[in-house]
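Residue numbers (our numbering), protein chains in the order written: chain A, 1 to 372; chain B, 1 to 372.
It is worth saying that the hints were derived from the structure and are not from the lab.
Glycine included, every Cβ here is placed at the ideal spot set by N, Cα and C.
Check the hints yourself; a few may be wrong.
To be verified - If you want the footprint, here are the derived chain A segments under chain B, 3+ residues with CB under 8 Å:
id, region
1, 69 to 77
2, 84 to 92
3, 141 to 152
4, 314 to 328
5, 337 to 347
What the hints assert, rightly or not - Here are the computed distance ranges between Cβ atoms for each label pair:
id, chain 1, residue 1, chain 2, residue 2, range
6, B, E359, A, R290, 33 to 41 Å
7, A, S363, B, R117, 47 to 55 Å
8, B, A225, A, G71, 20 to 28 Å
9, B, S123, A, H119, 36 to 44 Å
10, B, L8, A, V269, 52 to 60 Å
11, A, Q105, B, S156, 55 to 63 Å
12, A, R286, B, L106, 50 to 58 Å
13, B, P236, A, A299, 47 to 55 Å
14, A, L109, B, S123, 48 to 56 Å
15, B, T124, A, R286, 49 to 57 Å
2 protein chains.
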Amino acid sequence: MSQFAFSLDAVDPVTGARAGRWITPHGVVETPAFMPVGTLGTVKGLLPDQLRQSGARMVLANTYHLALRPGADVVEDLGGLHRFMDWDGPILTDSGGFQVFSLAQLRELTDDRVVFRSHIDGSTLELSPERAVGIQEQLGADCIMCLDDCPAAGESAERIRVAVDRTTLWAARCRAAQRREDQALFGIVQGGIHPELRRRSAEALLPMNFPGYAVGGLSVGEAPAAMYRTLDWTVPILPPEKPRYLMGVGRPEDLLEAVCRGIDLFDCVMPTRNGRNGMAFSSRGRVRLRNAVHQRDEAPLDPECRCLACVRYSRGYLRHLFMAREMLGPILLSLHNLTFYQRLLRELRRAIIAGNAAEFRASQLARWREEP
Amino acid sequence: MSQFAFSLDAVDPVTGARAGRWITPHGVVETPAFMPVGTLGTVKGLLPDQLRQSGARMVLANTYHLALRPGADVVEDLGGLHRFMDWDGPILTDSGGFQVFSLAQLRELTDDRVVFRSHIDGSTLELSPERAVGIQEQLGADCIMCLDDCPAAGESAERIRVAVDRTTLWAARCRAAQRREDQALFGIVQGGIHPELRRRSAEALLPMNFPGYAVGGLSVGEAPAAMYRTLDWTVPILPPEKPRYLMGVGRPEDLLEAVCRGIDLFDCVMPTRNGRNGMAFSSRGRVRLRNAVHQRDEAPLDPECRCLACVRYSRGYLRHLFMAREMLGPILLSLHNLTFYQRLLRELRRAIIAGNAAEFRASQLARWREEP
Numbered sequence: 001m002s003q004f005a006f007s008l009d010a011v012d013p014v015t016g017a018r019a020g021r022w023i024t025p026h027g028v029v030e031t032p033a034f035m036p037v038g039t040l041g042t043v044k045g046l047l048p049d050q051l052r053q054s055g056a057r058m059v060l061a062n063t064y065h066l067a068l069r070p071g072a073d074v075v076e077d078l079g080g081l082h083r084f085m086d087w088d089g090p091i092l093t094d095s096g097g098f099q100v101f102s103l104a105q106l107r108e109l110t111d112d113r114v115v116f117r118s119h120i121d122g123s124t125l126e127l128s129p130e131r132a133v134g135i136q137e138q139l140g141a142d143c144i145m146c147l148d149d150c151p152a153a154g155e156s157a158e159r160i161r162v163a164v165d166r167t168t169l170w171a172a173r174c175r176a177a178q179r180r181e182d183q184a185l186f187g188i189v190q191g192g193i194h195p196e197l198r199r200r201s202a203e204a205l206l207p208m209n210f211p212g213y214a215v216g217g218l219s220v221g222e223a224p225a226a227m228y229r230t231l232d233w234t235v236p237i238l239p240p241e242k243p244r245y246l247m248g249v250g251r252p253e254d255l256l257e258a259v260c261r262g263i264d265l266f267d268c269v270m271p272t273r274n275g276r277n278g279m280a281f282s283s284r285g286r287v288r289l290r291n292a293v294h295q296r297d298e299a300p301l302d303p304e305c306r307c308l309a310c311v312r313y314s315r316g317y318l319r320h321l322f323m324a325r326e327m328l329g330p331i332l333l334s335l336h337n338l339t340f341y342q343r344l345l346r347e348l349r350r351a352i353i354a355g356n357a358a359e360f361r362a363s364q365l366a367r368w369r370e371e372p
Numbered sequence: 001m002s003q004f005a006f007s008l009d010a011v012d013p014v015t016g017a018r019a020g021r022w023i024t025p026h027g028v029v030e031t032p033a034f035m036p037v038g039t040l041g042t043v044k045g046l047l048p049d050q051l052r053q054s055g056a057r058m059v060l061a062n063t064y065h066l067a068l069r070p071g072a073d074v075v076e077d078l079g080g081l082h083r084f085m086d087w088d089g090p091i092l093t094d095s096g097g098f099q100v101f102s103l104a105q106l107r108e109l110t111d112d113r114v115v116f117r118s119h120i121d122g123s124t125l126e127l128s129p130e131r132a133v134g135i136q137e138q139l140g141a142d143c144i145m146c147l148d149d150c151p152a153a154g155e156s157a158e159r160i161r162v163a164v165d166r167t168t169l170w171a172a173r174c175r176a177a178q179r180r181e182d183q184a185l186f187g188i189v190q191g192g193i194h195p196e197l198r199r200r201s202a203e204a205l206l207p208m209n210f211p212g213y214a215v216g217g218l219s220v221g222e223a224p225a226a227m228y229r230t231l232d233w234t235v236p237i238l239p240p241e242k243p244r245y246l247m248g249v250g251r252p253e254d255l256l257e258a259v260c261r262g263i264d265l266f267d268c269v270m271p272t273r274n275g276r277n278g279m280a281f282s283s284r285g286r287v288r289l290r291n292a293v294h295q296r297d298e299a300p301l302d303p304e305c306r307c308l309a310c311v312r313y314s315r316g317y318l319r320h321l322f323m324a325r326e327m328l329g330p331i332l333l334s335l336h337n338l339t340f341y342q343r344l345l346r347e348l349r350r351a352i353i354a355g356n357a358a359e360f361r362a363s364q365l366a367r368w369r370e371e372p
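So here's chain A without its partners, still in its complex pose (with noise of 0.2 Å):
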C-alpha cells in the first residue's frame, strides 16, 4: 500500500493550471507548491519554524553536497535528513543531476557514471544511478530523484540527445535499485529546449512508470520565452494524474506561467540567494535594499506582506542591515522572500479554484511592472 497519493481539487478550464493535493509519509502538501532549497540540511538562515511561518510545506535537499559533506552514513547515524534538520514535513532530494552541469568542469561523465572532483578538496565522490539511489536511501527524504544528464542550454541538439539517452539507461538503473517502498523516485525529462528531444525523453520514461515526473533541463541559460514553450511541448506528454515537478525555477512570473501550462512542484535558490543579498520581492515588483532611497524610510518593505521582516521593521532599518553587514539582514529577507512566493503560489491555487488563474497572472504581472 503507497504512503503516497496524489490528486487534482481542480483544474483551471482556460489555462489547464492544476490544484493538487499530495499526501507524502510526512504530511500533505498542496501544490502548487514551491520548495525552500536547503542545500546542506539547512534553507541558509532560517529555522524549520521560520520556514513553516513562510507557508513552506516541503524543502529540497541536495545529494551530492550532502554525500561530501558530512556524508550520507553521518546523516543516516544521526537518524536521516528529517531528524538530522529538525524537518518533519516532506523533503525532496535532488539527485546530484544539476551537479553534471553546474560543476561540469570538476567532473568526467560516462554512460556507466560521473565522477566529481569535490569543490571542497579535490577528493572524489563517484555518482553512479545505483550510488545516487543508495546515498538518496540513506538519507531519508520522502521524494528521491533519478540521476540524469542534465546539459547546459548552449550545447549542441547532439549532446542533448545523447543527455536524454543516458537520461533514459539511468532512469531504468535507477528504478532497478530502489528498495525503499517509502520513497517516491521521479524520473527526469530531459531534452533541452528541442521538441522532439522532449518527446523521447518523455516516451522513454513514461513506461517505467515512475509515481512523478520532473522536467530538467531548464533554467540552465536558456531564455525564459524558450523554456515557457518547451513546457508548451513537454508538459501535455505527461501522465496527468502525477505530480510534475519543474527542477530549478524560478522567478515569480516563471512560477505563474509554469503553473499556468500544468506545473505542480517547484524549487529554486532565488529567494533565498537574492534575500541574502539584499534583493526582495514584493507585492509591487523588485526592491533593493541597498538604494539610498530607503535610507530613512519607515514604512514596511510589503505592505501586504504578514512576515516578520514587514510587519516589525521598516525599509530603513532592513537597508542600514546590509549596509553594516548584519547577519540579521539575510536572514529576514530570506524569510520575506519565501513567504512572498507561498503567498504567491496559495493564492494562485484559490484563483485556479475560482477558475480565474489567467486573470490572476495577468493582475499580479501588471503590478510587478508598476515598480519604478
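Once you've looked at the hints, dock chain B against the given chain A.
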C-alpha cells in the same frame, strides 16, 4: 518624578552579592543581569523574540558604531533605537569611550574631545562629552553612559591618572549636557588596576550623584586575578543603593566572581562572538563544536539547556553546520550561549536570595572543570 528606581531584594550575607530590581521606562530588569551586545542595533543573527526566549531583558548598543552607520539622525528619524531595532525592553548605549581603547590607532585624544578616523571609510567622527550625550539622546536608550577615557591595561600609571582626571572632567560635562529626563546617565570609574587611582576616580564622580555607576577600564588586557582584586577595592566605594555595571565582562567565571563582589550589570560580546566561532558554553564546560569527536554524536549540546539548539538538534548536526559554514550554526550557538549566560545569572540570583551565592559559585566552577 524619575522613571527609574533600583532596589535590592536580597544581599548575600557571605559575599555581598546582590539580587536587585531595576525599574526603567521600558520594563523591569532583575539583577544580576547580562545584556547581550547589539552594537549596530542588532544582536548578530538573532531576532528580538529569540533574545527574549534566551531570557535577556535588556540589550546594549553602541554610540560610536551607530553614529557612523546609519547615523544618529537616521535612527532618530526612524523612531529611535527601540522602534528601529524592534526591542521594546530596556536598552543601554555605550558612549564610544570603549572605542578610545579598541580603536587606539584610529583616534586623537585631548582633554576637549576624541576624534576618530572611521574604521569604515576614514572620515572623521568627533566625540566630545556633549556630543556623546547628544547622540545618545538621539538614539534614545533607557540608560546612557558618560564619555570616558579608557586606557589599555599595559599603560603607565601616569597615563591612567590622566585618563581618570579626563574621565572626571568629561563626566561633569556629560552631566551638564544632559537634556532628556527619561534616560539614566551613568558615571564610569576608571583607574586601571591601581587602588589609589580607582579611589581618586570614584571619589571625584560620587558628588555628581549619577543614578548608577559603571566600572570601566577592566577586561582591557589585565589578568583575571587583577580584575577581581580591582573589584575588591573599587566596588565598596560605590553607593550601595545604585546599580553597578561592570563594562565588557566577561567569561561565565568572571560573572560569578564579579557578582560575588557586588556587581549588578554586565555586557560582553563573548557569548555571541564565541558562538559564531563554534564555541559553546555548557553546564559541563566549554564545547568546541568543530571537534571531530562530535561528528556522529546524537546527543544534545547541553542536556540541561532548554534552548532550541539543545532541544531540537544533535551535536553532529551543529558540527555539520559549522564545517559547512552555514549561517544556522552561528545563529543556534549564539542563542545557546546567551541562554546559558541568562540561566547562570538567574540561578545565581536565586542562590543570592537563598543566601548561598558562594556555594553556587563553587559548584559551578567545579562542574566547568569537568570537561575533558
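Outcome of the hint check:
{"no.": "1", "hint": "69 to 77", "result": "holds (count 4)"}
{"no.": "2", "hint": "84 to 92", "result": "holds (count 3)"}
{"no.": "3", "hint": "141 to 152", "result": "violated (count 0)"}
{"no.": "4", "hint": "314 to 328", "result": "holds (count 11)"}
{"no.": "5", "hint": "337 to 347", "result": "violated (count 0)"}
{"no.": "6", "hint": "E359/B - R290/A: 33 to 41 Å", "result": "54 Å, violated"}
{"no.": "7", "hint": "S363/A - R117/B: 47 to 55 Å", "result": "53 Å, holds"}
{"no.": "8", "hint": "A225/B - G71/A: 20 to 28 Å", "result": "46 Å, violated"}
{"no.": "9", "hint": "S123/B - H119/A: 36 to 44 Å", "result": "40 Å, holds"}
{"no.": "10", "hint": "L8/B - V269/A: 52 to 60 Å", "result": "55 Å, holds"}
{"no.": "11", "hint": "Q105/A - S156/B: 55 to 63 Å", "result": "59 Å, holds"}
{"no.": "12", "hint": "R286/A - L106/B: 50 to 58 Å", "result": "38 Å, violated"}
{"no.": "13", "hint": "P236/B - A299/A: 47 to 55 Å", "result": "53 Å, holds"}
{"no.": "14", "hint": "L109/A - S123/B: 48 to 56 Å", "result": "54 Å, holds"}
{"no.": "15", "hint": "T124/B - R286/A: 49 to 57 Å", "result": "37 Å, violated"}
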